[in-house]
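Just add 67 to the spot in the sequence shown (first one is 1) and you have our numbering.
None of these hints come from the bench; they were simulated from the model.
As the structure is a computational prediction, the values presented were derived from the model and not from experiment.
Everything hinted at is true.
No farther apart than 20 Å at their CA atoms in a straight line, the calculated lysine to any residue pairs in the SDA-like style are these:
hint, residue 1, residue 2
1, 105, 93
2, 105, 122
3, 105, 90
4, 105, 116
5, 105, 95
6, 105, 118
7, 105, 88
8, 105, 115
9, 105, 92
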Amino acid sequence: LKLATPTYGDLNHLVSIVMSGITTCLRFPGQLNSDLRKLAVNMVPFPRLHFFMVGFAPLTARGSQQYRAIT
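Put together the whole structure using the sequences plus the hints.
Shown next as structure tokens:
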């Protein structure tokens with residue numbers, strides 16, 4: 068995140084981006100991970116782990132969003 072002390076707002080923003088990306092396959096039609104069960108099977112690396120393992124690295128800091136505007 069490139070933040071020395073991230074706030075709850077920063078962490079909530081990161082979680083919202085990750086969850087939005089993960090659940091895209093549920094909101095739009097397609098063949099990949101078309102239901103929540105398939106999504107859970109593909110997101111849990113080992114059967115004994117019960118939580119999703121998400122790898123996400125934002126390419127830019129939240130403060131530099133002015134440079135990411137669509138023109």
